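Using the sequences and the accompanying hints, generate a full structural model.
Protein chains: 2
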Amino acid sequence: MARIVTKFGGTSLATPQRIREVAARLLAYQNEGNQVVAVVSAMGKSTDELLKLAHDVNENPPARELDQLLATGEQVSMSILAMALDARGAHAVSMTGRQAGIVTTTVHNKAKISEINAERINKELEAGGIVIVAGFQGVTREGDITTLGRGGSDTTAVALAAGIDADICEIYSDVDGIYTADPRVVPRARKLDAISYEEMLELAAAGSGVLTMRAVEFARNYGVVIHSRSTFNNKPGTLVKEASEMEQAIVSGIAYDNSEAKVTLRDVPDDVGIAAEVFGTIADANINIDMIVQNISENGTTDISFTAPMGELPRLQPVLEAAVVKFGARKFVVDESVAKVSIVGAGMKSNPGIAAKMFRVLADNGVNIGMISTSAIRVSVVIDGDKTETALQTLHTAFGLDSEEVFEETQLSGEELAAKKAKGR
Amino acid sequence: MARIVTKFGGTSLATPQRIREVAARLLAYQNEGNQVVAVVSAMGKSTDELLKLAHDVNENPPARELDQLLATGEQVSMSILAMALDARGAHAVSMTGRQAGIVTTTVHNKAKISEINAERINKELEAGGIVIVAGFQGVTREGDITTLGRGGSDTTAVALAAGIDADICEIYSDVDGIYTADPRVVPRARKLDAISYEEMLELAAAGSGVLTMRAVEFARNYGVVIHSRSTFNNKPGTLVKEASEMEQAIVSGIAYDNSEAKVTLRDVPDDVGIAAEVFGTIADANINIDMIVQNISENGTTDISFTAPMGELPRLQPVLEAAVVKFGARKFVVDESVAKVSIVGAGMKSNPGIAAKMFRVLADNGVNIGMISTSAIRVSVVIDGDKTETALQTLHTAFGLDSEEVFEETQLSGEELAAKKAKGR
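Going down the list, the protein sequences come from chains A and B. Numbering follows our numbering, in which position 41 of the first sequence is assigned residue number 41; successive positions increment by one, without gaps. When you read off a place in the second sequence, starting at 1, and then add 1000, the result is the number in our numbering.
In case anyone wonders, no lab produced these hints; they're calculated from the structure. In this text the structure is predicted, and so the values were computed from the model without any measurement. There may be inaccurate statements among the hints.
Partial list, derived from the structure: chain A residues whose beta carbon lies under 8 Å from chain B [said to hold, decoys possible]:
{"no.": "1", "residue": "LEU51"}
{"no.": "2", "residue": "PRO61"}
{"no.": "3", "residue": "THR72"}
{"no.": "4", "residue": "GLN75"}
{"no.": "5", "residue": "SER79"}
{"no.": "6", "residue": "ILE80"}
{"no.": "7", "residue": "ALA84"}
{"no.": "8", "residue": "ASP86"}
{"no.": "9", "residue": "VAL272"}
Only pairs whose alpha carbons sit at most 30 Å apart, straight line, appear in this in silico DSBU-like list of lysine-lysine [unchecked claim]:
{"no.": "10", "chain 1": "B", "residue 1": "LYS1112", "chain 2": "A", "residue 2": "LYS112"}
{"no.": "11", "chain 1": "B", "residue 1": "LYS1112", "chain 2": "A", "residue 2": "LYS123"}
{"no.": "12", "chain 1": "A", "residue 1": "LYS110", "chain 2": "B", "residue 2": "LYS1110"}
{"no.": "13", "chain 1": "B", "residue 1": "LYS1387", "chain 2": "B", "residue 2": "LYS1349"}
{"no.": "14", "chain 1": "B", "residue 1": "LYS1235", "chain 2": "B", "residue 2": "LYS1045"}
{"no.": "15", "chain 1": "A", "residue 1": "LYS45", "chain 2": "B", "residue 2": "LYS1112"}
{"no.": "16", "chain 1": "B", "residue 1": "LYS1191", "chain 2": "B", "residue 2": "LYS1349"}
{"no.": "17", "chain 1": "B", "residue 1": "LYS1052", "chain 2": "A", "residue 2": "LYS52"}
{"no.": "18", "chain 1": "B", "residue 1": "LYS1326", "chain 2": "B", "residue 2": "LYS1387"}
{"no.": "19", "chain 1": "A", "residue 1": "LYS52", "chain 2": "B", "residue 2": "LYS1349"}
{"no.": "20", "chain 1": "B", "residue 1": "LYS1191", "chain 2": "B", "residue 2": "LYS1331"}
{"no.": "21", "chain 1": "A", "residue 1": "LYS357", "chain 2": "A", "residue 2": "LYS387"}
{"no.": "22", "chain 1": "A", "residue 1": "LYS45", "chain 2": "A", "residue 2": "LYS110"}
{"no.": "23", "chain 1": "B", "residue 1": "LYS1387", "chain 2": "B", "residue 2": "LYS1331"}
{"no.": "24", "chain 1": "A", "residue 1": "LYS45", "chain 2": "B", "residue 2": "LYS1349"}
{"no.": "25", "chain 1": "B", "residue 1": "LYS1052", "chain 2": "B", "residue 2": "LYS1112"}
{"no.": "26", "chain 1": "A", "residue 1": "LYS349", "chain 2": "A", "residue 2": "LYS387"}
{"no.": "27", "chain 1": "B", "residue 1": "LYS1235", "chain 2": "B", "residue 2": "LYS1191"}
{"no.": "28", "chain 1": "B", "residue 1": "LYS1110", "chain 2": "A", "residue 2": "LYS123"}
All C-beta atoms, glycine included, are put in the ideal place defined by N, C-alpha and C.
Below, the structure is given as structure tokens:
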């Protein structure tokens, strides 16, 4: 007998029919002798509908009230799933974040789980119940409802798996697992059987959207094995676990992110501490930026470049205008047509020359590199966005990741890639 | 400074625009120096939509899960209303039943409020906040969500008014208050300025749908003054309070109910205790019945008639079939085309002859009486449903209730009355 925590996203719960299918899957787990907990997201697009309603009455709804509102989305799907299980003769008990004992910090809209009091869940599991928990939400010590922010349901699932000492945390979504690259862009992408926490974190940070970083960090910290798999078939997906348990590939995966823009401050006086001041100003405005490059000084001035999410540009613009004046720079330039491409692999640590090989492959294929940043197990470059597909496919081949099979599902066309980019705004 | 509890039904909160209007009204109360609590129902038809979703996955959803689901309806409207108040610069705090300290019994779908822990509400009111409470819901001592059943939000409002020692409980709906009769059937109906708890209870029991009996009973038991008024204008409505504070009219109002059927068991052997046995059998099936009449015995057999909600007929049918066999009756007959008409007035106690006058008025106008039942302040008769309008209008005139003005809004046509009846099924 195993204890299994499963997590189902909104797409997997979008319709009564899909909810019935999830119920059948949970019941099968139980019939195999397992204790089963399911963490659920809100059905389909229901969170978007609640947000629209909120913005109809208040352009900037207060954070506490937004949490009280959004928490209903998961509360609906949890009770409907419990009803679907009941219809199949199973005993199911739904629980809100509060009922499941998920205590969080008081930061509304992006609370962090601080404690899990799992007595009720354990009691219901021991009594033979299938427990359905509303993801994405918790409660403060004062009894206020909180939500965990983007990807919160994944975090709920991993935290619960740690809290009830589950054997595995199965995260179901609409993809089969973790691929060596986005199969919609790289048709020869291969599904990985397993990947280490560290590699998964680097891939997630570099733009791979299957699992959220917070959930993977939580899993690493508490040693929870994640199984990323598809709701729409029964094939095994990808295990995310300790690196020690697997062979270390030199390059495990390639990720891309075209939701960021490259920003350059031109001809900044090259004084001591100027970079600290520039980025201090940006940090004060609470804007997250990513790669930072400072060029070699020439005539006492320098160029400072960084990448930032395109969605932040409206807020970044006035900060940069002020910075140009304050620091005596010539001007700032924003390039929205860039993409970041990253290769990730735990084996890089013991294999020098991986970065050099990446740069050569890109150069041989006419892809110009604008910025570079590296970690122990990752190399990222910023390139012209139009070259994303070329870069991904040639790197994928060069690092020996190509599958024999060609991915058959619809490929993203140039227009779709552009649309995906536009959505980042 | 007064403490005011207000309650807004689903129609008053059906759209963002109506929610903004409710917010404006609450803010006006606060600006006049009052402490304000608002109890809200679910927006518009959202409870029906949740029920439909539930029945899509389970024809007979478990009661606990239904409560977990339905409670989200009020949770949405409470947070949206709080956001609308915030948009107007007010400080508003929404609370679920649990957050508001509403503790109930464990009977899901029709829990009773057993305790109100009002510390949090009092704290927020003292701090200048407008408190928005989700109606219709509470929490058991074990932390399970419960709902209070039909009209539950009215009960929440009255119970809260008692719990925080409010000066008044204003129940807003889409009608102006309590009328001497349904103005859609009796165009000369008059709005009452005040009515006693006892009269209101009799009118509610007799079919007047403005306030629910449970809420009025609660108000009577705890001395809460209710003000029933309209969301759509600023006119004073009807106060519901102690009889001692007002002049007692002989007839205060006339109500009708066409949602019940008349059932007759024919030729039941007239043995001692047979009625007790018949109605014991029906009570065991948990079916509520209303008026009971037993005819005078003839040839050792008798007819027993009663009324029952048409919605209960499918469950009642097999019980009656068994009763016919068990008690040796000849057969049973169901007449769905009846209506119950009641006159209610505290002054009846000291004015004999009111029932006789009622019967005479009906006879003079060709309305045949099928059954009669009375209380100290009410006389009810069952008549042919087609005569409902005639009965109501002639009684209204005969007991001096007619207004000078004629109610101008759309009257219910014969078809609409029939449709209303069909809905009872």
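Hint check results:
Violation of the interface hint for LEU51 (chain A) is found here, the shortest Cβ-Cβ separation to chain B being roughly 11 Å, above the 8 Å cut-off. Below 8 Å, beta-carbon pairs count as interface contacts, and PRO61 (chain A) has one with chain B at about 4 Å; its hint therefore holds. Interface hint status for THR72 (chain A): upheld, as the beta-carbon distance to the closest one in chain B is roughly 4 Å, under 8 Å. For GLN75 (chain A), the shortest C-beta to C-beta distance to chain B is roughly 5 Å, which falls under 8 Å, so the interface hint holds.
With a least beta-carbon distance of about 4 Å to chain B, the hint placing SER79 (chain A) at the interface is held under the 8 Å criterion. At about 6 Å, the closest approach between the beta carbon of ILE80 (chain A) and any beta carbon in chain B falls short of 8 Å, and the interface hint on this residue holds. Because the closest C-beta pair between ALA84 (chain A) and chain B is about 4 Å apart, less than 8 Å, the hint holds. Given the 8 Å rule on beta carbons, the hint for ASP86 (chain A) holds: about 5 Å separates it from the nearest Cβ of chain B.
With its C-beta approaching chain B no nearer than about 46 Å, VAL272 (chain A) sits outside the 8 Å limit, and its interface hint is violated. Between LYS1112 (chain B) and LYS112 (chain A) the CA atoms are separated by roughly 36 Å; this puts the pair beyond 30 Å, and the hint is violated. With a CA separation close to 26 Å, the supplied pair LYS1112 (chain B) and LYS123 (chain A) stays within the 30 Å bound. At most 30 Å may separate the alpha-carbon atoms for a hinted pair to count; LYS110 (chain A) and LYS1110 (chain B) exceed this at roughly 36 Å.
Between LYS1387 (chain B) and LYS1349 (chain B) the CA atoms are separated by roughly 28 Å; this keeps the pair inside 30 Å, and the hint holds. Annotation: proposed proximity of LYS1235 (chain B) to LYS1045 (chain B) holds, straight-line Cα distance about 26 Å (limit 30 Å). For the given pair, LYS45 (chain A) sits about 35 Å from LYS1112 (chain B) by alpha-carbon distance, which is inconsistent with the 30 Å threshold. For a cut-off of 30 Å, the pair hint linking LYS1191 (chain B) to LYS1349 (chain B) stands: about 23 Å separates their Cα positions.
Proposed proximity of LYS1052 (chain B) and LYS52 (chain A) is supported: the alpha carbons are some 22 Å apart, at most 30 Å. A hinted pair counts as satisfied when its Cα atoms are at most 30 Å apart, and LYS1326 (chain B) with LYS1387 (chain B) does not qualify at roughly 36 Å. In summary, the hint linking LYS52 (chain A) to LYS1349 (chain B) is not supported, as the alpha carbons are separated by about 57 Å, beyond the 30 Å threshold. Annotation: proposed proximity of LYS1191 (chain B) to LYS1331 (chain B) is violated, straight-line Cα distance about 45 Å (limit 30 Å).
Distance check on the hinted pair: LYS357 (chain A) and LYS387 (chain A) sit about 18 Å apart at the alpha-carbon level, within 30 Å; holds. Straight-line distance between C-alpha atoms of LYS45 (chain A) and LYS110 (chain A) comes to about 20 Å, which keeps the hinted pair within the 30 Å bound. With a C-alpha separation of about 27 Å, the suggested pair LYS1387 (chain B) and LYS1331 (chain B) falls inside the 30 Å cut-off, and the hint holds. Taking the CA atoms of LYS45 (chain A) and LYS1349 (chain B), the gap is near 60 Å; set against the 30 Å cutoff, the hint is violated.
Among the hinted pairs, LYS1052 (chain B) with LYS1112 (chain B) is consistent with the structure: their alpha-carbon atoms are about 25 Å apart, no more than 30 Å. The suggested pairing of LYS349 (chain A) with LYS387 (chain A) holds, with an alpha-carbon distance near 28 Å, which does not exceed 30 Å. Proposed proximity of LYS1235 (chain B) and LYS1191 (chain B) is supported: the alpha carbons are some 11 Å apart, at most 30 Å. About 26 Å separates the Cα atoms of LYS1110 (chain B) and LYS123 (chain A), which keeps this hinted pair within 30 Å; it holds.
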